[in-house]
Each structure stands twice: as structure tokens, then as C-alpha cells.
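Participant: Each chain, written out:
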Amino acid sequence: MSSTSPEIAELIDALPAEAKEPEASSSPLEDLLQRLSHKPVPTGRFNRLWVLGTLQAKIAAAYLAWWLRGGYASADKRERTLNETHLKAALKLLGGMSYLRGAIMKVGQIIATHPDVVPEQFVEVLGHLHFEAPPMHYSLLREFVRAELGADPEEVFDEFETTAFAAASLGQVHRARLKGSGQRVAVKIQYPNISRTIRADFANMMAFLTPMRLSSDWGNMKDQFKDVRHMLDLETDYEHEAENLRIARSAFTEDEGIVVPRVFPEVSTRRVLTMEYVDGLHLDKFLATEPPQELRNRFGEKIILAVFRLYYAKGLVYADPQPGNYLFMPDGRLGAIDFGCCHRQTAEDITCCRDVERTWFDSPDLLREAIVRGSDLTPKQAADETRMKLIMDWCAWIREPVDCEGPFDFSDMDYFRRGVVLYGELLRRRYTRSRPANTWFTKSAYGMRAMLVRLKARVDMAAIFRRESTYSFTRGE
Amino acid sequence: MRVTAQKKKETRRRIVECARKLFGDKGFEQTTTRDIAETAGIAAGTMFNYFPTKEALAMTLICEALDEAGTEFDSRLRGDETVDEALFAHVAVGLRHLAPHRNYVGEVLETALSPFAREAVCEQAQQLRVGHLETVGELIALRGPATSRVPGTMTMHLYWTLYLGVLSFWAADESPNREDTLVVLDQSMRLFAGSLSSESKNGEEDHDVVDVTRDR
Ligand SMILES: Nc1ncnc2c1ncn2[C@@H]1O[C@H](COP(=O)(O)OP(=O)(O)O)[C@@H](O)[C@H]1O
Chain D
42 MSSTSPEIAE
52 LIDALPAEAK
62 EPEASSSPLE
72 DLLQRLSHKP
82 VPTGRFNRLW
92 VLGTLQAKIA
102 AAYLAWWLRG
112 GYASADKRER
122 TLNETHLKAA
132 LKLLGGMSYL
142 RGAIMKVGQI
152 IATHPDVVPE
162 QFVEVLGHLH
172 FEAPPMHYSL
182 LREFVRAELG
192 ADPEEVFDEF
202 ETTAFAAASL
212 GQVHRARLKG
222 SGQRVAVKIQ
232 YPNISRTIRA
242 DFANMMAFLT
252 PMRLSSDWGN
262 MKDQFKDVRH
272 MLDLETDYEH
282 EAENLRIARS
292 AFTEDEGIVV
302 PRVFPEVSTR
312 RVLTMEYVDG
322 LHLDKFLATE
332 PPQELRNRFG
342 EKIILAVFRL
352 YYAKGLVYAD
362 PQPGNYLFMP
372 DGRLGAIDFG
382 CCHRQTAEDI
392 TCCRDVERTW
402 FDSPDLLREA
412 IVRGSDLTPK
422 QAADETRMKL
432 IMDWCAWIRE
442 PVDCEGPFDF
452 SDMDYFRRGV
462 VLYGELLRRR
472 YTRSRPANTW
482 FTKSAYGMRA
492 MLVRLKARVD
502 MAAIFRREST
512 YSFTRGE
Chain X
164 MRVTAQKKKE
174 TRRRIVECAR
184 KLFGDKGFEQ
194 TTTRDIAETA
204 GIAAGTMFNY
214 FPTKEALAMT
224 LICEALDEAG
234 TEFDSRLRGD
244 ETVDEALFAH
254 VAVGLRHLAP
264 HRNYVGEVLE
274 TALSPFAREA
284 VCEQAQQLRV
294 GHLETVGELI
304 ALRGPATSRV
314 PGTMTMHLYW
324 TLYLGVLSFW
334 AADESPNRED
344 TLVVLDQSMR
354 LFAGSLSSES
364 KNGEEDHDVV
374 DVTRDR
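Sequence order for the protein chains is D and X. Under the numbering used here, think of the first position of the first sequence as 42, with each following residue one higher. Under the numbering used here, think of the first position of the second sequence as 164, with each following residue one higher.
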């Protein structure tokens, strides 16, 4: 792998959130968040327990009850010391995973990926956090799968591997083979009750944020929250992901070399998703093999093709084109997985986007109009020249590789650096949030370019755009 | 008329099976010892010689279910489980076998197995408890951290409290497929397994946990 300056590497690694200097805090809430952000997130044995904050507090409480009841008085000195050790552990557990902290952490990832929904300081804290389901050992998995699919994994599947090969945000992924056909599959399994917990915690989080309703844009924030909540519902429902996978899969022909795994509905539920196993490397591992430029270019083309095709032919925004969601297959095909947070555009969303595209080379006035419409800007916002200029600059940045004649070189760090600055500015000023679809679109456009930069691909994006944008998505297609 | 041992065994079996059916059909509450005796075709007095109370009958059913669970558990062990997984499986298989008895397990076990119980409430319950803890002891001896291979009474008391907590949670669990119980059980056994190793470290600080006691 050719060397990149550490500074740039850091920039790239910091994607897609922008790293900011914490500013001096001025309110109690900010103080609290600041402090939380600097407290180390516990790691190791207990850290995964926070996911189930409230349940866990109950267990800790039982522990305390035991200590109080359990013959403390009658115990001899050695035992008493032991008891105190237990008590300390329980207290740590209870306090370190306090309710508030747990709640903040759990919704963290979602909100962190929607930095425009909450005040900056909040986002900053949440930016460091991720959903992380506790790992399941096989005995737990067996009981859960038995309840979901009606029989033990080893009866439902052939060669079910008892150890997970990958972690998923809400659970884990196991390799297996289908009975009969012997088809290799990846079985993604949610940790029991995690989706209900997340939803409950989201409600609590809303309550926690209520003090902010006094701020002037609470109304807007509430809308954004509704959108996030909707997304949470979808993301915790594997049947929805399965449906996205089916739609996406139908968008490609075999010779296009883009693999969207097939779903096997007879062995899937809302919490268990069984799909074709895609044998490939994640971006890091792929780059570590020092792939030749030609191969990078071909994968780059496929990434662009996948994103454009899904958008123009199926109205799907592959909202999170981050490295974990692509698999580079040894035979040169590209695997696109994880359609959990894929966003389905409405006909109106598409029209707005089309209008901007169409007017791009027309008069600046028409373009401006299309942008105002597409972003749902109020007259006052539309009159704000700083805002308009930033949005125009952003559009121009997105268009740059499309307007370039011939291959565009994504290893051009100057291009990417400008994008980082613009994207950061958009987020900071919260300009993307005017319309939920724009949030998704912006993230997708940025994420895709970030992938291409890491690949250092040289691709004729314009040609792919010309071909793909002729598809016309109609709902229900 | 002399009743042979064989005959006695058969009658006992018949009573147990009738009780199983009646508890299942009518519910534990709704079933009287008289109902059971009638269905089994014996006099109420005779019934008393076999099972003095309805609870004793229920206890027998529970013990049988847990016996079967024990057999399944033994046959399912792979051998490479960590101590928390093994303890989880031990309880989970038990709960699965107890499922048909869920509506009265709480009532029967609460008094019989309570950690407050100073002396054995009933012979069967005592055996059940001893048997369960023996298995737990074996699992810890085989898979626990080297320094706590012989768990002390405090450790076992902690385990028992957690186990009863899980049982009571399960008995009232309304979540789909009682999945919340799986979570409580998983977390409880991890907590317990964790306490085994912190015990072995002799109170050494756990750096992986935020020390809130310091903030106080
Ligand atoms: N069909 C598949 N074939 C091969 N690996 C897969 C497949 N689905 C998921 N994985 C592996 O599991 C990881 C997590 O899956 P993903 O769908 O991204 O989970 P999440 O629910 O967190 O979005 C992936 O990064 C990949 O390594």
C-alpha cells in the first residue's frame, strides 16, 4: 500500500463525521455531555452489558439485595471482606452503567450518523459511541433460534458454525449451509429483545432531550427525531432489510458483477436473516493485498454503478456506503451487503433531485429555484447568501467527477479535502437537514466518494452517470 | 388386602399423570386434590398416603421435568463451553422443560426454595436444590478460573439468589417467546462468572469498570 501522509490518513479514517475541537461549554447540559465524552467508555468484561441498561440495573439490584439479606452479620471476617468485594463490584456496575449513560450510548450510533438532529456538542459525544450487542454464546443462540425458527440451528441448517465470524450492530453473523441444497449462507441473528430495548431507550432519550424544546428549532428537531425513530424501527427489523435486499438484487444482471445476497425467507424472521454467503474481503484487507491500479478502477466502477443503479432504477439510497458494507470478491465481483439502513425515496424526492440535475447547466436562476424547492427552504433561508453559496458549492463538489470528461482520479487529495471541509461545514451549520431525504442523499454521496478515495480509483464516473441516470424509477417497479 | 410394591408404584404413577393432565387442562389453582383422586379412581384418603398436598404433587412433576432436563443438558454439552455458557445452558434447558408447569412453578418453588428457608421445607425441594448446586459446583470446578475451583458457600449463595431471580422473572415474563428471560439469564450468569474471577483476583481492581465509588 502506498503511503499517505498521516494527516490525510487521519482525515480519511475520521469519516464521515467531522472531527471538531471541543469548544468551551456554556450550559449544564453541555457540561454534562462534555464530561461524559471524556469519561472512558468501559471496555472488557462488563462493557457489553450496558446495552441492556435497565435489565442490568435490576440484576445489580438483586445482587445488592443478596448482600443485604445474605447473612452479612453472621459471616466471619474473611467472608465479610469477600462480601464487600461483591458489593463494590455491584456498585461499580450500577453506577458505571447508569441509566442515563446507557441510554445515551444505545441510541448513540444512530444519532451520530445523523449529526444534524441534535446540537453539536451532543453529536460530538455520540460520535464516539456505537451500537454493540453483547456477544452470544452458542447456548443462548440455540435457545433464541429455537424460539424464532422452531428448531435448533443444527437441525435447521447443515454445518452451522457455533462461533460467529462477524459481529453485527444488533447481534452477530454465523456461517452455515442450507439443508438439501448445501448452499453456503450467512445467518445474521439479533440479540434477544435488543430492538425493544433500543426503542424504549429512544423514548427515554427523547424525554431526556425535552429541555431543548425551548430552543428555537425544537420543531424541526422533533421532525428529525421522528425520522430517526422511523429508521430505528426499520433497522431493527430484518424483514425490512430482506425486502430491500430483494429489491436491490433485482437491479443487477449477473454479468455486471455486483452481488446482492439472496435471502432465504423460509429460514428468516424479523430477528434472524439468512442470506447467501458472500465470500470476499473488506476494504482494509483488500487494500492490504496491494491490488493493482486496474483492479482498483474496476471495483471503483462497480461501487459507482451499484449506488447509481439502486438510486435511479429502484429509488433506493444506499445510505451508508461505508467500508464494512462492501466485500471485494476474489473473482473481481463486488458484494454489496447490509441494506438495513437503505432509504427508499419517494417520487417527490426523486423529482426534486432530477430538477437540480436538469437545471445544472441551465440558468443559475433556475438551478437556484430547484435547490430551494429540493431543500424545502423558507424564503428567509433562501435569501441567506451564505447558505445558498454553501449548498451550491456542495452540489458543485458532488458534480465534479460527473462533469469531468473521461476518468476522474479519486486519489486527488485536494478534491477530497475540499469535500471534507464542505461536508463538515454543512453538518456544522445543519444545512442538510431541511428535508429528511437530503440527509440520506448527502451522506450517501459523501460516503461513496470517501470509499473511492480510499480505493484511489480512477473511474469515468461521467460515463456511468450518463448511462444510469436514464433509468427512471417509478414506484412499485 | 395387601398392596404390593408394584401396585403401589402403578397407583402413584397414575396419580401423577392425572395431576399432570388436570393441572394442564384446568390450571393448578382450579384443581383440587379431590379432582385428582376422582380422576385417578382412588379414595381421597388413599391419595393422602401418596401425596399429602397438591404442592407435593406439583413438586414431583417439577422434579421429573428437571430430571429430563438434566439428561438433555448432559447429552448436549460440547465440552468447550466457558463457565458462563455452561451455567446458562444448565438453567435454560431446565426452564424449557419447566415450561408446561410455568403457571404454578412460582407458587411451589417460592416457599420450597427460598434462600430465607432455614430448614428444608420438603425433602424433594431439598434434593432439587442440592442436585442443582452440585451440578453448578461441577461446572465451576471444570471450567471456572483456576483459583476458584472450589466455590465457597458465599459464592453458592450468590448463585442461588441469581437463579431464583431468573426463575421468578421467567414465571412472569410476558415478552415474545419469553426472550427477556434469555437476556436476564445471560446477564446473570455472566455477572456470576465474573464474580468468580474477581474473587480469584482477591479484590484486585477491575480496570475495565468505571469506579463510581470514587466519585462519591
Ligand atoms: N451475506 C453475507 N456474506 C458474507 N458476510 C456477511 C454477509 N452479511 C454480513 N456479513 C458479515 O457480517 C458483517 C456485519 O453484517 P452487516 O449486515 O453489516 O451488519 P449490521 O446489521 O451491523 O449492518 C459484515 O461486515 C460482513 O463481514
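If you're looking for bench data, these hints aren't it; they were derived computationally from the structure. None of the values given here were measured: they were computed from a predicted structure. Every residue gets a Cβ at the ideal spot worked out from N, C-alpha and C, and that includes glycine. Incorrect hints may have been included.
As the list claims (entries may be wrong) - To be clear about the criterion: a stretch of chain X counts as covered by chain D if any three or more of its residues have a C-beta under 8 Å from a C-beta of chain D, and this derived list gives those stretches:
no., stretch
1, 244-254
2, 331-343
As the list claims (entries may be wrong) - Across the chosen pairs, the derived CB separations fall in these ranges:
no., chain 1, residue 1, chain 2, residue 2, range
3, X, 242, D, 387, 54 to 60 Å
4, X, 263, D, 326, 27 to 33 Å
5, X, 286, D, 196, 36 to 42 Å
6, X, 227, D, 193, 19 to 25 Å
Participant: If you check each hint against the structure, which ones fail?
Facilitator: 4
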